[in-house]
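Novice: The chain contents come next:
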Amino acid sequence: KNEVEQSPQNLTAQEGEFITINCSYSVGISALHWLQQHPGGGIVSLFMLSSGKKKHGRLIATINIQEKHSSLHITASHPRDSAVYICAVALDAGGTSYGKLTFGQGTILTVHP
Amino acid sequence: DTGVSQDPRHKITKRGQNVTFRCDPISEHNRLYWYRQTLGQGPEFLTYFQNEAQLEKSRLLSDRFSAERPKGSFSTLEIQRTEQGDSAMYLCASSYLGGGSFGPGTRLTVL
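Residue numbers (my numbering), protein chains in the order written: chain S, 1 to 113; chain W, 1001 to 1111.
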């Protein structure tokens, strides 16, 4: 079993729909990251969470430390949101939030107009 | 600051050849990480440096792989005697206590 599991692996939506991507992890962490990867490979950091909830524009990320679970929500989805969304956790015992990351396998999101 | 840069962005090589990739981190970042991502999978950790010291290497990093960060700034990742299974995206990331960033990656294709 992978230390970081994402669901769903593939997600197709119509423009305007509310989208949720889930991430579960099995180990203690210092931080959880949500990342976006477009075709071509570049990775962009969306959020870094150690507790609670963060919001940036139409994106919302939540984390429940006790349940070892995080969700990424996209409100009013748009075709430009189409990308791979990756959950990653920092297991660094030194407590560095941006330390060595363990990644989920990614969720491929396609938003149709 | 232009962020983390990697060179080359794409490399096509024949099986058995050696290849070297370079990563230039954000200047004030003391930690540098190498990851490998195969098609359809999330990235996997290969190795990381704190300043010039290589502190951890994954079991994925076989004897054919070597990484250096000689002056604690840029890093190189060399793969000797490439195999078709080495075809992947090689990602570099750098960080310090308060933040981190990924590079654009080097896509390696071994024919």
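Hint data in this document are derived by calculation from the structure and do not stem from the laboratory.
Glycine residues also receive a C-beta, built at the ideal position from the N, C-alpha and C atoms.
The reader is advised that the hints may include incorrect statements.
Computed from the model, here is a short list of chain W residues facing chain S with C-beta under 10 Å [to be verified]:
1. 1008
2. 1084
3. 1085
4. 1087
5. 1091
6. 1101
DEER-style ranges, computed between Cβ atoms [unchecked claim]:
7. 1053(W) <-> 12(S): 27 to 37 Å
8. 1066(W) <-> 58(S): 20 to 30 Å
9. 1085(W) <-> 69(S): 28 to 38 Å
10. 16(S) <-> 1050(W): 24 to 34 Å
11. 1066(W) <-> 44(S): 28 to 38 Å
Novice: Compare the structure with each hint and give your call.
Specialist: Against the structure, the hints come out as follows:
1. Nearest Cβ of chain S to the Cβ of residue 1008(W): about 13 Å, over the 10 Å cut. The hint is violated.
2. A least Cβ separation of about 19 Å between residue 1084(W) and chain S goes past the 10 Å threshold, and the interface hint is therefore violated.
3. Because the smallest distance between the Cβ of residue 1085(W) and any Cβ of chain S comes to about 18 Å, over 10 Å, the interface hint for this residue is violated.
4. Interface restraint check: residue 1087(W) against chain S, minimum CB-CB distance 13 Å, threshold 10 Å, status violated.
5. For the restraint placing residue 1091(W) at the interface with chain S, the shortest Cβ-Cβ distance is roughly 7 Å, inside the 10 Å limit, so the hint holds.
6. Taking 10 Å as the C-beta cut-off, the interface hint given for residue 1101(W) holds, the closest approach to chain S being about 7 Å.
7. Hint check: residue 1053(W) to residue 12(S), Cβ distance near 46 Å, so the stated range 27 to 37 Å is violated.
8. For the pair residue 1066(W) and residue 58(S), the beta carbons lie near 43 Å from each other, so the given range of 20 to 30 Å is not met.
9. Between residue 1085(W) and residue 69(S) the CB atoms are about 34 Å apart, so this pair conforms to the stated range of 28 to 38 Å.
10. Checked against the given bound of 24 to 34 Å, the beta carbons of residue 16(S) and residue 1050(W), roughly 46 Å apart, lie outside it.
11. In this structure, residue 1066(W) and residue 44(S) meet the distance hint of 28 to 38 Å, their C-beta atoms being roughly 29 Å apart.
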